[in-house]
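Asker: One letter stands for each residue in the lines below.
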Amino acid sequence: MSIRPEDVRHVAHLARLAVDESRLPALATQLASILEHMEVLQRVDTNGVAPVEGVGAGSTPLRPDSGPPIPLGHPIESFAPEVRDGLLIVPRLATHGEEEAERSP
Amino acid sequence: MSSSPLTEIPVRDIARGVRDGSLSARTVVERAFDHACEIGSGAGGLNIILAGNERAADMADEVAETAQRTEFAGRLAGVPVALKDNIATLDMPTTCGSRILEGYVSPFEATAVTRLREHGAIPVAKTNMDEFAMGSSTENSAYGPARNPVDTSRVPGGSSGGSAAAVAAGLVPVALGSETGGSVRQPASFCGVVGVKPTYGRVSRFGLVAFGSSLDQIGVFGRRVDDAARVLQVIAGRDVRDSTTADVPVDTYYSAANAERLDGVVVGRPAEYFPESLDPGIRSLCDRALDALRERGAEVRDVSLPHTDLAIPVYYIVAPAEASSNLARFDGIRYGLRVPSERGLAGLYEETRSRGFGPEVTRRILLGTYVLSAGYYDAYYRKAQAARTLIADDFRSVFQAGVHVLFTPTAPSTAFPIGAVTDPYEMYLSDIFTATANLAGVPAMSLPVGRSGGLPVGGQFIAPHFGEAKMFEAAYVLERALGEDAHR
Numbered sequence: 001m002s003i004r005p006e007d008v009r010h011v012a013h014l015a016r017l018a019v020d021e022s023r024l025p026a027l028a029t030q031l032a033s034i035l036e037h038m039e040v041l042q043r044v045d046t047n048g049v050a051p052v053e054g055v056g057a058g059s060t061p062l063r064p065d066s067g068p069p070i071p072l073g074h075p076i077e078s079f080a081p082e083v084r085d086g087l088l089i090v091p092r093l094a095t096h097g098e099e100e101a102e103r104s105p
Numbered sequence: 001m002s003s004s005p006l007t008e009i010p011v012r013d014i015a016r017g018v019r020d021g022s023l024s025a026r027t028v029v030e031r032a033f034d035h036a037c038e039i040g041s042g043a044g045g046l047n048i049i050l051a052g053n054e055r056a057a058d059m060a061d062e063v064a065e066t067a068q069r070t071e072f073a074g075r076l077a078g079v080p081v082a083l084k085d086n087i088a089t090l091d092m093p094t095t096c097g098s099r100i101l102e103g104y105v106s107p108f109e110a111t112a113v114t115r116l117r118e119h120g121a122i123p124v125a126k127t128n129m130d131e132f133a134m135g136s137s138t139e140n141s142a143y144g145p146a147r148n149p150v151d152t153s154r155v156p157g158g159s160s161g162g163s164a165a166a167v168a169a170g171l172v173p174v175a176l177g178s179e180t181g182g183s184v185r186q187p188a189s190f191c192g193v194v195g196v197k198p199t200y201g202r203v204s205r206f207g208l209v210a211f212g213s214s215l216d217q218i219g220v221f222g223r224r225v226d227d228a229a230r231v232l233q234v235i236a237g238r239d240v241r242d243s244t245t246a247d248v249p250v251d252t253y254y255s256a257a258n259a260e261r262l263d264g265v266v267v268g269r270p271a272e273y274f275p276e277s278l279d280p281g282i283r284s285l286c287d288r289a290l291d292a293l294r295e296r297g298a299e300v301r302d303v304s305l306p307h308t309d310l311a312i313p314v315y316y317i318v319a320p321a322e323a324s325s326n327l328a329r330f331d332g333i334r335y336g337l338r339v340p341s342e343r344g345l346a347g348l349y350e351e352t353r354s355r356g357f358g359p360e361v362t363r364r365i366l367l368g369t370y371v372l373s374a375g376y377y378d379a380y381y382r383k384a385q386a387a388r389t390l391i392a393d394d395f396r397s398v399f400q401a402g403v404h405v406l407f408t409p410t411a412p413s414t415a416f417p418i419g420a421v422t423d424p425y426e427m428y429l430s431d432i433f434t435a436t437a438n439l440a441g442v443p444a445m446s447l448p449v450g451r452s453g454g455l456p457v458g459g460q461f462i463a464p465h466f467g468e469a470k471m472f473e474a475a476y477v478l479e480r481a482l483g484e485d486a487h488r
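Which chain is which? The protein sequence lines are A and B, in order. Residue numbering for the first sequence follows the numbering used here, starting at 1 and increasing by one per position. Residue numbering for the second sequence follows the numbering used here, starting at 1 and increasing by one per position.
If you are wondering where the hints come from, they were derived from the structure by calculation, not from laboratory data. Using N, Cα and C, we set each Cβ at its ideal position, and we do this for glycine too. Any given hint might turn out to be false.
Chain B residues, not near chain A, derived (Cβ > 10 angstroms throughout) [unchecked claim]:
id, residue
1, 249
2, 251
3, 317
4, 379
5, 420
To give an idea of the chain B side of the interface with chain A (calculated C-beta under 8 angstroms), a few residues [as the list claims (entries may be wrong)]:
id, residue
6, 104
7, 261
8, 265
Beta-carbon label-pair distances, calculated as ranges [claimed, not checked]:
id, chain 1, residue 1, chain 2, residue 2, range
9, B, 8, A, 74, 34 to 40 angstroms
10, A, 33, B, 420, 17 to 23 angstroms
11, A, 29, B, 301, 42 to 48 angstroms
12, B, 65, A, 89, 39 to 45 angstroms
Construct the complete structure from the given sequences, taking the supplied hints into account.
Answerer: Written out as structure tokens, the structure reads:
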């Protein structure tokens, strides 16, 4: 199994992780080494074997798409990084004008 | 009341004493809290406690007052309990051993904690753990490695190492941990205590920070089998807030507390868990335990679980895949750490996650993202899920053939020195005898069966889905049969 540094860069981007360029080769080697151990699975005959979908004694029970509200023991301001008027604040997307971008946190 | 330290009194007797007024809940809880602060926290101590509950003594008074006022103060009245730091609490932070959740206090409480409190138990502390439960040694914590109270140069196991060590050190009589691949049973084995992983769907995961959702279960540590049984009794059962909890009646787990014999019980000994390479000290203690089971009337039968060798490859595909999805929520927006970036929203996500997650969590997110990515999904993830069916079928076959419980070693080694295992895959092999039960969703538990080289060794029972009562029955009898030999 070979994994190239650019593969790690791609996967890191998908996972929204900023990985320093200098760490890419070492991570590629580590992941390749771990995945090498998974190759044993390719030798297992799973033809006709259904992939696991639930692990309990039966299937996952369905319920109506409603439920009791979960009372919050602390207000949103106590755990969110930035809140204004009860709303979570996020930076503006890059597609917005520069003037707006300057006002973003 | 016994003259032994308060936290060494059986859970049943603490609750009885608090209910009848012969024991002060406040005294029990204060001693546990003080003990935890004294030896449980900080780099100079065992580093097994991340936070203490300042309200614990007041909560103990409330329990005592309820006991005086009403006839029923709860099955766990006044019992101090420690909680792994990925179980949400209102009075203490829930950090998951990660920088990304440093100081985070959950706005809601885990159902398991609510049920403990409703029965009078007092959460006194949160315990150290491998970051987001990813590890087998409690060395991967952002708050430093925890130490094993039996030998402080060694790891307590993981990822629930802090909870196992808190019970082993006598800080608390019982604690909650969580399991994804063996994170309760393996540290129980390393620390010489009892550790139980219930059937998937037996205990609510509401408020347990998700790692691998198809594998995760809250588990219980106790000094003895009965302590763990009584805690599981209280937290088990359907919860409308977790749709994966089963609507299956909860058996009485302590009904066999006085059992002496196992006549008619078939105990399976799976060959794959006793390989040629098994550590001789562990093998001999497990053989002694099997002899003890035979002497108590059990029939020990050789069985085979032929797909056991697939467990680690399957587990380390499925669990990271689920983790990569579950940990996407730590994005710097809704809770926890936020690292601003000049690159807008995308930069904020990336900088926050990279700064907040440690090396093992980063590695597993990358691994999980890789096996789910286009071109690799079928070769890895889908293949692993099919192989997982084969592992579950192995268990189904032996139990259908008349085996009531299986007995195996819990872990392939005793507690290793801190820093001794540096290769990630070598660390993953710590779960080789435990991950199978998580993949199949069956209940399993570890209990002490003796010491090898002065270090605790655990033996494991595995039972069919919702077969906890039979599993506890076998454990009660083995614990009684081994007596003090289980700890020497």
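Asker: Could you check the hint for me, namely that residue 29 (chain A) and residue 301 (chain B) are 42 to 48 angstroms apart, CB to CB?
Answerer: With Cβ atoms ~45 angstroms apart, the hint holds.
Asker: Should the interface hint for residue 104 (chain B) be scored as holding, given a Cβ-Cβ cut-off of 8 angstroms against chain A?
Answerer: holds, 6 angstroms
Asker: For residue 249 (chain B), is the shortest CB-to-CB distance to chain A above 10 angstroms, so the non-interface label stands?
Answerer: holds, 12 angstroms
Asker: Could you see if the CB distance from residue 33 (chain A) to residue 420 (chain B) stays within 17 to 23 angstroms?
Answerer: holds, 19 angstroms
Asker: Is the nearest CB of chain A more than 10 angstroms from the CB of residue 317 (chain B)?
Answerer: violated, 6 angstroms
Asker: Was the hint right that residue 265 (chain B) lines chain A, CB cutoff 8 angstroms?
Answerer: violated, 21 angstroms
Asker: Looking at residue 251 (chain B) again, its CB stays over 10 angstroms from all of chain A?
Answerer: holds, 14 angstroms
Asker: Falls inside 39 to 45 angstroms, the C-beta gap from residue 65 (chain B) to residue 89 (chain A)?
Answerer: holds, 44 angstroms
Asker: Does the beta carbon distance between residue 8 (chain B) and residue 74 (chain A) stay inside 34 to 40 angstroms, or does it fall outside?
Answerer: holds, 36 angstroms
Asker: Is it the case that residue 420 (chain B) keeps its Cβ farther than 10 angstroms from each residue Cβ in chain A?
Answerer: holds, 18 angstroms
Asker: Can residue 261 (chain B) be said to touch chain A, with a Cβ gap under 8 angstroms?
Answerer: The hint is violated - residue 261 (chain B) has no Cβ within 8 angstroms of chain A, the shortest such distance being about 28 angstroms.
Asker: For residue 379 (chain B), is the shortest beta carbon distance to chain A beyond 10 angstroms?
Answerer: violated, 7 angstroms
The structure is inconsistent with the numbered hints 3, 4, 7 and 8, although it conforms to all the rest.
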